[in-house]
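Keeping the supplied structure of chain A fixed, place chain B upon it in accordance with the hints.
Chains A and B, in that order, give the protein sequences. In terms of this note's numbering, the first sequence opens at residue 1 and continues consecutively. In terms of this note's numbering, the second sequence opens at residue 283 and continues consecutively.
Hints should not be assumed to be uniformly reliable.
Subject to a maximum C-alpha distance of 25 Å in a straight line, what follows is the list of computed DSS-like cross-link-like pairs (lysine-lysine) [said to hold, decoys possible]:
1) A/Lys14 with A/Lys137
2) A/Lys55 with A/Lys14
3) B/Lys404 with A/Lys55
4) B/Lys414 with B/Lys404
5) A/Lys152 with A/Lys253
6) A/Lys41 with B/Lys303
Source of the hints: derived by calculation from the structure; they are not laboratory data.
Below are the chains, spelled out letter by letter.
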Amino acid sequence: MSVQVPRTLDDALKAIAANPSAQFIQGGTDLMVEINFNHRKPTDVIALRRVDELKSTQIDTKNMQITIGAGLPYQMMERGEIAEHVPALAQAARTVGSPQIRSAGTIGGNLGTCSPAGDALPVLSALDATVNLQTQKASRTVSIHDFMIGVKRNARMPGEIIVSTTLPIVSGWQGYAKVGVRNAMVISVASCCLVVDRINGTIAVALGAVGPTIIRCRETESWLAKQIDLRTNPTMPDNLLQEFGSRVANESKPIDDHRSTAAYRRHAVSTLSRRLLLRAHS
Amino acid sequence: MMNANTEIYSLTVNGKSHQVKDSWVGESLLYVLRERLGLPGSKGACEQGECGSCTVIMDGDAVCSCLVMAATAIDADIRTVEDLASDGVLTEVQQAFITEGGVQCGFCTPGLVVAIEHLLSKNPEPSEIEIKEAISGNICRCTGYGRIFEAVDKAITVRKVNRT
Chain A
1 MSVQVPRTLD
11 DALKAIAANP
21 SAQFIQGGTD
31 LMVEINFNHR
41 KPTDVIALRR
51 VDELKSTQID
61 TKNMQITIGA
71 GLPYQMMERG
81 EIAEHVPALA
91 QAARTVGSPQ
101 IRSAGTIGGN
111 LGTCSPAGDA
121 LPVLSALDAT
131 VNLQTQKASR
141 TVSIHDFMIG
151 VKRNARMPGE
161 IIVSTTLPIV
171 SGWQGYAKVG
181 VRNAMVISVA
191 SCCLVVDRIN
201 GTIAVALGAV
211 GPTIIRCRET
221 ESWLAKQIDL
231 RTNPTMPDNL
241 LQEFGSRVAN
251 ESKPIDDHRS
261 TAAYRRHAVS
271 TLSRRLLLRA
281 HS
Chain B
283 MMNANTEIYS
293 LTVNGKSHQV
303 KDSWVGESLL
313 YVLRERLGLP
323 GSKGACEQGE
333 CGSCTVIMDG
343 DAVCSCLVMA
353 ATAIDADIRT
363 VEDLASDGVL
373 TEVQQAFITE
383 GGVQCGFCTP
393 GLVVAIEHLL
403 SKNPEPSEIE
413 IKEAISGNIC
423 RCTGYGRIFE
433 AVDKAITVRK
443 VNRT
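If we strip away everything but chain B, and leave its shape as in the complex, we get:
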């Protein structure tokens, strides 16, 4: 049993172990990622699990990092939006958001990108309803979603070409 009452614990984020020091152990994973580990990609908006801006992958599941108590996520495999592009090369999903104009203010984008990557990793050719379902927990107040769906369609096509 692990006891995080020493206020020092470690988290495995994007394959690297990070020590969290001098923190209050009730802090959310979102707060720890942004303010303690220097990973500001995940965004904090509603802090109550409604907007999806803070979506990360934890042990293979998409979760709202604002609803994870960071100290309970020891030993979990946490993947954030920062893990997607390698050496500055964007993923098909990220690139499609740019080419299809799926970004306006950009605040929801990291969460949407993570949710869509998660969907496509499990289901490379989702139906329209499956796409809508997969991003039903991600709120965008700018685009009206049309261009986001176009970006998803584009990413699906490009991924298919790249991976066959």
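Just chain A, same shape as in the assembly:
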């Protein structure tokens, strides 16, 4: 086994070009668990934690978008500029593990692992984020919806590094909520991100841990936009909230597993989405 610790993106790209099957490690909060329990024994590892270029954030106020480096740890998203422009991401970051996990775990790690329970992923989906990938020779941008292709499977090609993700800065309320077995230090049993676009009068709802990848509730989104004018700040009648919740639950595709049951997860996303919609309009 070999471990490489590049200091620049160029060196990291060289290392993966020379050995496209090498395993990347970012904060290590997923991969090391698998290694500690002998579930994985990688032969060659490229550690990205020392590549400073992957930790930068650019805010583009002209195009109203923010680009977050794949190596930025969650603790840097909890407050400050990112929290100000993408509050749902700050809320999601805040629910990741513990301070120890948030100082190590990164948004690029979430994308690389591509678990449907990854806390940043519903936010990226609800905001129609893009994922920026790079090889030594080329770079490309992929929609988050095309990037996530299955349980722990993504569209990253051999030799590519996930360098950053770009999210739009949206005017309107946004939030993230999740259910786990306790308040701190949990992996999602079910999660939900809701984003209201006040300018365009649209809403986006994305669900985590209730399907093979993050689920966007597109039917519910367009249904709601027809019921009320989201450009204003309407009060949500009770029956509308109820129907919204059950429509969201109907679009989820949960399973029974070691963490919870499908029935509970369906119930959880109905409640979480209803709660977020209520918070958005109060």
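Here is chain B on its own, set in the frame of chain A:
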């Protein structure tokens, strides 16, 4: 670029450089600290980042050493619980754990002490919620946390007196 494929690399722990020899390079920092460098203060319990018993400070951040691949931590400044007491004199936090009865079986104690020292180094007078948040990644199954919070309060008071 550093290549740790020779199975010899060095780590800077508590200000001293240590050579790690004859190891498998996929080993966790926790394992290397305990089994290769003779620093058993950090405890191994869950080995999946849930319990915080293995908390160390790496480049100024509290991290679970079980989730750090040791060979990737070259050039990092690693501080373990062994770095706290100097010449046998306990820190205010360590002393408060004793006087307030914050220790029962003791397995979680090193991780908690490191997490609390880290909090107080950045925020000498944290609120109750900030304390709870700072140790939310450290699990204690004996004390019920009451006496741990008392120890933190005590340490805050004593630190304030000692440092003014």
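Taking the hints in turn, this is what the structure says about them:
no., hint, result
1, A/Lys14 with A/Lys137, "holds (10 Å)"
2, A/Lys55 with A/Lys14, "holds (19 Å)"
3, B/Lys404 with A/Lys55, "holds (22 Å)"
4, B/Lys414 with B/Lys404, "holds (15 Å)"
5, A/Lys152 with A/Lys253, "holds (16 Å)"
6, A/Lys41 with B/Lys303, "holds (20 Å)"
Checked against the numbered hints given earlier, this structure breaks none of them.
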